[in-house]
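Quick mapping for you: the protein sequence lines, in order, are chains A and B. Sequential numbering of the first sequence, starting at 1, is according to this note's numbering. Sequential numbering of the second sequence, starting at 1, is according to this note's numbering.
No lab work stands behind these hints: they were computed from the structure. Even for Gly, the Cβ is constructed at its ideal location relative to N, Cα and C. Hints are supplied without guarantee of correctness; some may be wrong.
[Claimed, not checked] A few chain B residues facing chain A, derived, Cβ under 7 Å:
1. 120
2. 125
3. 248
4. 261
5. 286
6. 287
7. 294
8. 303
9. 307
[Claimed, not checked] Computed, partial: chain A to chain B, Cβ under 10 Å:
10. 39
11. 43
12. 77
13. 139
14. 141
15. 152
16. 167
17. 169
18. 171
19. 258
20. 304
21. 308
22. 316
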Amino acid sequence: MSVATNMLVRSRLALSRDGMQAFYRLLAAALLCAVLAALSDVFLTMNNIFNVLRQTALLFLMASGLTLVILTAGLDLSVGANIGLSACLAATIIKAVGSPMLGVATGIGCGALIGLANGILVTALRIPSFIATYGVMWILAGITYYYMAGDTIHGFPPGFRQLGSGYLFGVPMPVYVMVVFLLIGTLFAQRTVWGQQIYAIGANSIAARLSGVPVERRLILVYTVSGAMAGLASLIVLARINSAQGDIGEELTLPAIAAVLVGGTSLFGGYGTVAGTLIGALILTLVLNGMNLLQINSSWQPLVTGIIILLAVWIDTRTRRIGE
Amino acid sequence: MNARSLALQAMSIARVPGVAIVLVVLCATFGLTSPGFATPANIANILTQSTILLLLALPMTVIIMTEGLDLSMGAVLTFASIVFAVTVLTTGSPVLAFLAALTVGFCFGLWNGVLIAVLDIPPFITTLGTLGIAQGLSLLVTDGQSVVGIPHSIQSIYSGTVAGIPLPVIIAALAYCGTHTLLYHTRFGTYVFALGGNREALKVAGISVRGLLIRTYVFGGLMVGFAALLMTARLNSAHPTAGIGMEFDAIAAVAVGGTSFERGNGWLLGTLLGVIAVGVLRNGLNLLAVQSSAQVACIGALVIIALFIDGLRAEP
Numbered sequence: 001m002s003v004a005t006n007m008l009v010r011s012r013l014a015l016s017r018d019g020m021q022a023f024y025r026l027l028a029a030a031l032l033c034a035v036l037a038a039l040s041d042v043f044l045t046m047n048n049i050f051n052v053l054r055q056t057a058l059l060f061l062m063a064s065g066l067t068l069v070i071l072t073a074g075l076d077l078s079v080g081a082n083i084g085l086s087a088c089l090a091a092t093i094i095k096a097v098g099s100p101m102l103g104v105a106t107g108i109g110c111g112a113l114i115g116l117a118n119g120i121l122v123t124a125l126r127i128p129s130f131i132a133t134y135g136v137m138w139i140l141a142g143i144t145y146y147y148m149a150g151d152t153i154h155g156f157p158p159g160f161r162q163l164g165s166g167y168l169f170g171v172p173m174p175v176y177v178m179v180v181f182l183l184i185g186t187l188f189a190q191r192t193v194w195g196q197q198i199y200a201i202g203a204n205s206i207a208a209r210l211s212g213v214p215v216e217r218r219l220i221l222v223y224t225v226s227g228a229m230a231g232l233a234s235l236i237v238l239a240r241i242n243s244a245q246g247d248i249g250e251e252l253t254l255p256a257i258a259a260v261l262v263g264g265t266s267l268f269g270g271y272g273t274v275a276g277t278l279i280g281a282l283i284l285t286l287v288l289n290g291m292n293l294l295q296i297n298s299s300w301q302p303l304v305t306g307i308i309i310l311l312a313v314w315i316d317t318r319t320r321r322i323g324e
Numbered sequence: 001m002n003a004r005s006l007a008l009q010a011m012s013i014a015r016v017p018g019v020a021i022v023l024v025v026l027c028a029t030f031g032l033t034s035p036g037f038a039t040p041a042n043i044a045n046i047l048t049q050s051t052i053l054l055l056l057a058l059p060m061t062v063i064i065m066t067e068g069l070d071l072s073m074g075a076v077l078t079f080a081s082i083v084f085a086v087t088v089l090t091t092g093s094p095v096l097a098f099l100a101a102l103t104v105g106f107c108f109g110l111w112n113g114v115l116i117a118v119l120d121i122p123p124f125i126t127t128l129g130t131l132g133i134a135q136g137l138s139l140l141v142t143d144g145q146s147v148v149g150i151p152h153s154i155q156s157i158y159s160g161t162v163a164g165i166p167l168p169v170i171i172a173a174l175a176y177c178g179t180h181t182l183l184y185h186t187r188f189g190t191y192v193f194a195l196g197g198n199r200e201a202l203k204v205a206g207i208s209v210r211g212l213l214i215r216t217y218v219f220g221g222l223m224v225g226f227a228a229l230l231m232t233a234r235l236n237s238a239h240p241t242a243g244i245g246m247e248f249d250a251i252a253a254v255a256v257g258g259t260s261f262e263r264g265n266g267w268l269l270g271t272l273l274g275v276i277a278v279g280v281l282r283n284g285l286n287l288l289a290v291q292s293s294a295q296v297a298c299i300g301a302l303v304i305i306a307l308f309i310d311g312l313r314a315e316p
């Protein structure tokens with residue numbers, strides 16, 4: 001068999017494996033929906049469905065940038081704290097200047113700068129990513145609390161709030177943002193050289209370097225993108241809840257990591273898709289939304305998210321071992 | 001003296017400047033800027049306040065030496081403290097409560113160890129998941145409220161003295177000596193050093209790496225149980241957010257103390273100095289009336305600097 005045919009067969013096999021995994025995950029999401037619809041009268045109301053979609057969009061935006069980081073076998077623990085600082089700064093600008101556009105630029109810019117800092121720590125200073133971003137997480141939390149000093153900034157112009165709570169043709173605005181970034185993310189990861197280089201780094205960074213991939217620059221890119229996406233997500237949160245507080249993103253880091261892992265991206269790098277993360281975000285949102293609808297004490301949420309993360313990584317570890 | 005211990009000592013001496021310089025710089029800065037800093041009462045205060053951190057940083061050093069990490073320590077500490085408080089309130093027995101806190105620490109340590117060693121889940125993600133679980137349990141048990149009304153006798157564990165030395169300092173000193181013996185004078189410690197250096201070699205030598213890792217995390221859990229006793233006594237209550245982020249101070253102390261995150265060589269005395277450095281930093285910033293939120297950012301910066309230096313050392 002020629003090399004070309006061999007590769008073709010292999011990519012077909014990989015495709016069908018990806019396809020099956022996506023199918024199983026969608027099946028899980030459908031089952032969750034069926035169970036929730038049976039258990040709760042509220043679940044299938046238009047209001048709640050929009051709620052689920054908005055929450056999924058928010059989680060997906062955070063998790064999509066994080067997916068790229070995890071594809072390189074890294075981790076970004078600072079996304080939640082990033083949302084906190086980006087949201088507070090964007091809120092300040094919107095209130096002070098009155099320009100939503102400038103606020104949007106501030107949020108995304110602040111997020112991207114934080115991501116850039118992460119990228120530099122990981123590449124130039126060679127600090128392991130989970131430690132570097134963990135340190136940055138605490139630095140950001142400290143700065144945000146110090147800056148806000150317990151205050152709340154609230155009441156934004158209606159134009160800005162459209163971004164989080166508005167509708168277009170009867171569909172919530174964040175859903176459009178989600179679809180746009182799903183397309184961009186998928187095209188970038190699957191169809192561009194840079195995207196493929198990111199997979200290569202995750203699969204084997206030494207081999208990638210020897211093949212001429214500029215590993216450092218691509219890593220800085222993925223951390224910056226992850227930061228920028230957290231900045232974007234912070235604007236959606238801000239526009240939706242119409243107020244900014246220091247602890248705004250605190251509870252979002254664990255669900256975002258869980259969404260990536262449940263979406264089938266391997267923590268060990270090189271395997272996974274942005275589209276998978278969307279399914280992961282949907283599943284996680286359904287679980288958390290379902291717990292709310294069934295009036296389960298919200299204290300269960302970190303516990304359940306923790307267990308979901310452990311289960312997802314355990315399955316990932318087992319799959320890898322079988323693969324080897 | 002054999003070659004290995006000689007090499008170890010040489011490495012230790014090479015590290016003295018790093019953490020010592022940090023400590024001297026911090027002390028000099030605060031000594032000059034705030035008049036209340038260099039008083040005997042304040043120094044005793046720093047030492048007493050550092051004890052809880054030391055109880056966490058000692059096992060954290062051992063864990064990091066195995067190329068692991070425990071992000072769940074703060075959350076488990078919180079939960080153990082809550083279990084301690086609830087048990088002492090329901091049974092009235094401090095001994096039973098202490099045993100309960102130790103059991104909580106033991107169980108979480110075992111859980112982390114099994115997940116990491118047997119199921120092969122990376123330590124940082126395992127303990128991140130455990131963090132969520134322990135935090136959720138704390139919130140569930142307390143419903144977000146403080147547990148108050150603990151008998152005042154418990155408080156004396158933290159505020160009491162024996163022969164003029166604060167009781168927590170004695171407990172911390174015992175813990176330090178115990179960990180030192182464990183690390184430098186037992187087979188377990190030798191294996192820990194070997195594990196961080198070369199895991200494969202240890203496996204080939206027929207040593208159970210799994211058992212070693214599980215014991216390391218169980219040791220961490222037990223120390224967290226002791227720390228829970230001190231923390232509850234100090235606050236005279238238990239609160240579902242009391243210990244959150246404590247693992248970060250512990251990681252900071254270990255990093256400042258010169259234990260490497262990637263090459264698995266650790267230095268226990270460095271951790272002790274690192275704990276004091278973090279304690280001095282917090283105390284000094286307190287005296288300068290810097291908010292605790294800004295203190296966290298300073299400690300974060302300290303960690304990044306320490307890791308940067310660690311990275312520089314790795315270069316040759």
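Should the hint that residue 316 of chain A touches chain B count as held when the rule is a Cβ pair under 10 Å? Residue 316 of chain A check passes; min Cβ-Cβ to chain B is 9 Å, inside 10 Å.
Go through the hint on residue 287 of chain B and say holds or violated, using the shortest Cβ distance to chain A against 7 Å. For residue 287 of chain B, the interface hint is violated, since the closest Cβ of chain A sits about 17 Å away, which is over 7 Å.
Interface hint compliance - residue 286 of chain B to chain A, C-beta minimum distance less than 7 Å: Where the cut-off is 7 Å and the nearest Cβ of chain A is about 14 Å from residue 286 of chain B, the hint is violated.
Supplied contact hint for residue 141 of chain A, tested at 10 Å Cβ to chain B: holds, 6 Å
Was the hint right that residue 258 of chain A lines chain B, CB cutoff 10 Å? Interface hint status for residue 258 of chain A: holds (9 Å vs cutoff 10 Å).
Evaluation of the interface hint that places residue 171 of chain A against chain B, nearest CB under 10 Å: This interface hint is violated because 32 Å lies over the 10 Å limit.
Status of the residue 169 of chain A interface restraint (C-beta, 10 Å, chain B): Violated - the Cβ of residue 169 of chain A stays beyond 10 Å from chain B, reaching only about 38 Å at its closest.
Should the interface hint for residue 303 of chain B be scored as holding, given a Cβ-Cβ cut-off of 7 Å against chain A? Status holds, d = 5 Å.
Residue 152 of chain A was flagged as interface toward chain B. Is the shortest Cβ-Cβ separation under 10 Å? violated, 16 Å
Under 7 Å, Cβ to Cβ, is where residue 307 of chain B needs to be relative to chain A, so tell me if that hint holds or is violated. holds, 5 Å
A closest beta-carbon separation below 10 Å is what the hint needs, so does residue 77 of chain A meet it against chain B? holds, 8 Å
Interface hint compliance - residue 304 of chain A to chain B, C-beta minimum distance less than 10 Å: Since the shortest Cβ distance to chain B is 7 Å, the answer is holds.
Taken one by one, the earlier hints fail for this structure at numbers 5, 6, 10, 11, 15, 16, 17, 18, listed in ascending order.
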